[in-house]
Amino acid sequence: MDRREFIEQVAAWSAGTCLAVPLFDVRAVLAAEERPKGKPLVVVVKGKDYEALVDKVLKPLGGMAAFVNQGDRVVVKPNIGFDRRPEQAATTHPDVVKAVVRQCLDAGARRVLVFDRPVNDARRSYARSGIKEAVESIDDSRVRCEYVKNRDFVPVKIADGKSLDEFDFHRDALPPECDCYINVPVAKHHCQAKLTLGLKNVMGVIGGNRGLIHRDLPRRIADLNLVIRPKLTIIDATRILLRHGPTGGKLEDVKVLDTLIASADTVAADAYATTLFGEKPDYLGSTVAAAKLGLGEMDLSKVKIITP
Amino acid sequence: MLVLFLWLFRRTEYTGADQLAGGENLFFRLDPLSAAAAMLAARQFIALFWPALIVLALTIVLGRFFCGWICPLGTLLDYFHRLLRPIARRTNRFCSTAALGCERETAASTMPTKAQPGATVLQKARRLHSARYILLIVVLLAAVFSFPLVGFVDPLALLTRGMTLWGDPTLHRGVDAGLEWLDGRWGTEAVEPFVGKHLIPFRATVFRLAGVSAAILAAIFALELVARRFWCRNCCPLGAMLGLLGRWSLVRRLPAEICKPCGDCAELCRMDALGDGLSAEDCILCMDCVDLCPKGIAKFVVKRSKRQPRPVDLSRRGALAGMAVGAAIPGLAAAAQMIRPRKDDPYLLRPPGVGDENTFLDLCVRCGECMKVCPTGVLQPAVLESGIEGIFSPRLMFRHVFEQTYCEYTCTLCGQVCPSGAIPRLTEAAKLRRPIGLAYFDHLRCLPWGEGTPCIRCEEMCPVPEKAIKILNTFTIKDADGFELEIQQPYVDRYLCVGCGICESNCPVEGPSAIRVQRLGSPNPGTEVMLKPRDGPKIQPDSTPASPSGRP
Numbered sequence: 179m180d181r182r183e184f185i186e187q188v189a190a191w192s193a194g195t196c197l198a199v200p201l202f203d204v205r206a207v208l209a210a211e212e213r214p215k216g217k218p219l220v221v222v223v224k225g226k227d228y229e230a231l232v233d234k235v236l237k238p239l240g241g242m243a244a245f246v247n248q249g250d251r252v253v254v255k256p257n258i259g260f261d262r263r264p265e266q267a268a269t270t271h272p273d274v275v276k277a278v279v280r281q282c283l284d285a286g287a288r289r290v291l292v293f294d295r296p297v298n299d300a301r302r303s304y305a306r307s308g309i310k311e312a313v314e315s316i317d318d319s320r321v322r323c324e325y326v327k328n329r330d331f332v333p334v335k336i337a338d339g340k341s342l343d344e345f346d347f348h349r350d351a352l353p354p355e356c357d358c359y360i361n362v363p364v365a366k367h368h369c370q371a372k373l374t375l376g377l378k379n380v381m382g383v384i385g386g387n388r389g390l391i392h393r394d395l396p397r398r399i400a401d402l403n404l405v406i407r408p409k410l411t412i413i414d415a416t417r418i419l420l421r422h423g424p425t426g427g428k429l430e431d432v433k434v435l436d437t438l439i440a441s442a443d444t445v446a447a448d449a450y451a452t453t454l455f456g457e458k459p460d461y462l463g464s465t466v467a468a469a470k471l472g473l474g475e476m477d478l479s480k481v482k483i484i485t486p
Numbered sequence: 031m032l033v034l035f036l037w038l039f040r041r042t043e044y045t046g047a048d049q050l051a052g053g054e055n056l057f058f059r060l061d062p063l064s065a066a067a068a069m070l071a072a073r074q075f076i077a078l079f080w081p082a083l084i085v086l087a088l089t090i091v092l093g094r095f096f097c098g099w100i101c102p103l104g105t106l107l108d109y110f111h112r113l114l115r116p117i118a119r120r121t122n123r124f125c126s127t128a129a130l131g132c133e134r135e136t137a138a139s140t141m142p143t144k145a146q147p148g149a150t151v152l153q154k155a156r157r158l159h160s161a162r163y164i165l166l167i168v169v170l171l172a173a174v175f176s177f178p179l180v181g182f183v184d185p186l187a188l189l190t191r192g193m194t195l196w197g198d199p200t201l202h203r204g205v206d207a208g209l210e211w212l213d214g215r216w217g218t219e220a221v222e223p224f225v226g227k228h229l230i231p232f233r234a235t236v237f238r239l240a241g242v243s244a245a246i247l248a249a250i251f252a253l254e255l256v257a258r259r260f261w262c263r264n265c266c267p268l269g270a271m272l273g274l275l276g277r278w279s280l281v282r283r284l285p286a287e288i289c290k291p292c293g294d295c296a297e298l299c300r301m302d303a304l305g306d307g308l309s310a311e312d313c314i315l316c317m318d319c320v321d322l323c324p325k326g327i328a329k330f331v332v333k334r335s336k337r338q339p340r341p342v343d344l345s346r347r348g349a350l351a352g353m354a355v356g357a358a359i360p361g362l363a364a365a366a367q368m369i370r371p372r373k374d375d376p377y378l379l380r381p382p383g384v385g386d387e388n389t390f391l392d393l394c395v396r397c398g399e400c401m402k403v404c405p406t407g408v409l410q411p412a413v414l415e416s417g418i419e420g421i422f423s424p425r426l427m428f429r430h431v432f433e434q435t436y437c438e439y440t441c442t443l444c445g446q447v448c449p450s451g452a453i454p455r456l457t458e459a460a461k462l463r464r465p466i467g468l469a470y471f472d473h474l475r476c477l478p479w480g481e482g483t484p485c486i487r488c489e490e491m492c493p494v495p496e497k498a499i500k501i502l503n504t505f506t507i508k509d510a511d512g513f514e515l516e517i518q519q520p521y522v523d524r525y526l527c528v529g530c531g532i533c534e535s536n537c538p539v540e541g542p543s544a545i546r547v548q549r550l551g552s553p554n555p556g557t558e559v560m561l562k563p564r565d566g567p568k569i570q571p572d573s574t575p576a577s578p579s580g581r582p
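So the protein lines, in turn, are chains H and G.
In this text, residue positions in the first sequence follow this note's numbering: the first is 179, and each later residue adds one.
In this text, residue positions in the second sequence follow this note's numbering: the first is 31, and each later residue adds one.
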């Protein structure tokens, strides 16, 4: 091979490689999901056995089969945001996550992904929250609890956004990669947002600079929820963080409630969960903004609350 | 041994436990040169280095076995050489065939005559033998004057640093790019978790001085073109040290002289240790000569040599020059500082638990293990921020061109891997009692303070259970659309702040953060006049020796 031949080949190969890169449409097509008619249901249950509690909270909603169909690709999104232990109430309880994942598998899910984009080091957060261990203890090849990678995020247009036009989202949490998104947040204090519940939990599937969201937190959280529409939200209030959230760390700030809240309507679930902290639903700007966008019902008098 | 080294290197990472299994820094603790230099510089016995004593004892008995059987750099150089051989045979261009070990064929076809083209190169290379002794003298003498040079020439430090700063991030990026391209096709989805877990590092930190580290390493490998194990023969001060200790070793090759007219072994010896009779300072007990001796004469025996060892390849002039340089470097560096005084950089933050800067620099052997293990990649090598003697020493950088990161609140891994104790081994509680620094707001740039935009990202992130960032004022303003925005203006509780820098790394302000962590005791930027009056420290003073700078 002489020099000329080499240059020619390099040129040919580079041209080929450049042209071969698939130009994929990054704008996810979002099927506008119709909200079910009638009063939204919110189920509230109490109990010490958190795995059994998940069963109990889903029963009035028709069980997991009402949300997960045979062969669905499911995303279970807990809060694994921080390098904290379960009893510190900064992350979703591992038993709750495990029970939800197991329910999805029993309902016939083809694949269940459990992930979050933690604030702290992902390995530490996954390990210390106990969630990775709990999920992997199920030992089913359909379940994966993996760390997110930068290349997982794709930009998505937010057509009706009030404060955001576009943001990066995890592609596995979006259709067509995801048939059923199950939101499993933990209920806790948050200084700027007041509380972090179901709507704010979407912060864990977005990429890019999350600090930008904080410039107009309530409306931007609502805007993000235009893209991620959970079929089911289970708020973990087995123990709640009353102060110094969202990180917490002091056990004096934790109150054990042994409660789970489930609803197909994230806004209604958030509205109810707010009352656990002794506040009215309009205490949270994000709930108000989301209700305005038509994402759900925040007026608890128009919600059917079931406490079996 | 190379496999062990690579395995330990890969293991030097956060794997889910707060305590590492131990032994990740084994190779450094075996290294008598690092041990000697750190102990001389810090003027204390460092018990962590006890494995080095075993190496010293074994060297006195066995000779320079470390270089042939343990040193991972030496092994890598040998592999690299094997890689080079076919190329060299084909091109015969860059170097002499003799230097590349093709002499076996030449020796077989033509009688070995000293008129081979490589002979001159070899002879020249041989003459550099004294360089390693001079380097050794320079390093040790500079250490006596508390000027740490060992990290620049210690083979293990050079190798580990090159792999940490350049090799690992490159490996991660390369493999990751490949996996991204494959995108789970052809069954690669199944291997992805395995690759991610065992073969590549978890994150690809962009390190400063990565290019420099890689270039130094590349130069050492390139010297292989001049002569086999050129670095080990001529430059390595650790090899020099072990060679001197092993001069009277009991394990010897026989015959000590090469047999005329064959002399194949002298040509083949990767260390050129058989030039005119066996030189124990050079022999690394690789046993090549035993394997390759055409007549099966060569063997190693345990025997006290009656012969007086050959004189060391070091002239009096060389020794004196080494001593002069070793003594002069610290003085010159000090003089350089007098001409251009080193700024007391308030942002030069050292790893958790490190107290006095000078003691730290004396103890640190620049191995790069802490930067390797750091799960967040916040540890970066210093360039010139603490003078020439501080190059490659670890510092925290929360925000630079490529990264925004922080020190994990409860992580104590850097202290666990430090082979010399420069970074103390701390418990979680002890780490939190010794702040890395203290955060200060830049009120003009902070969004709620400077422009009335809601944002207390720093408060949200703060890992201190009581929150070291608190809210001073809360009020609402209306934006252009009449939408009510709640503004919370934060301040730092200096008695709670641990200086982890998560606020600095997460601040949404572009460019330098609006909240920055400064070294304890560094000049106060004068922003805290607006802060609430404080009612005294809420943290109990440390019962263990506190950091010398203390609370501000």
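By construction, these hints were calculated from the structure, which means they are not laboratory data.
Remember, it's a predicted structure, so these values are computed and weren't measured experimentally.
Ideal Cβ positions, reconstructed from N, Cα and C, are used throughout, including at glycine.
The reader is advised that the hints may include incorrect statements.
With the Cβ distance kept under 7 angstroms, some of the chain G side facing chain H (calculated, not the full set) [said to hold, decoys possible]: (1) Ala207; (2) Glu210; (3) Leu212; (4) Pro405; (5) Thr406; (6) Glu438; (7) Thr483; (8) Cys485; (9) Glu489; (10) Pro493; (11) Pro495; (12) Lys497; (13) Lys500; (14) Asn536.
Covered stretches of chain H (in silico footprint by chain G; criterion: 3 or more residues with CB under 8 angstroms from a CB of chain G, positions within the stretch not fixed) [said to hold, decoys possible]: (15) 297–303; (16) 390–400; (17) 451–457; (18) 472–478.
Exercise. If any of the earlier hints don't hold here, list their numbers in rising order.
Key: Of the numbered hints, 1, 3, 13, 17, 18 do not hold.
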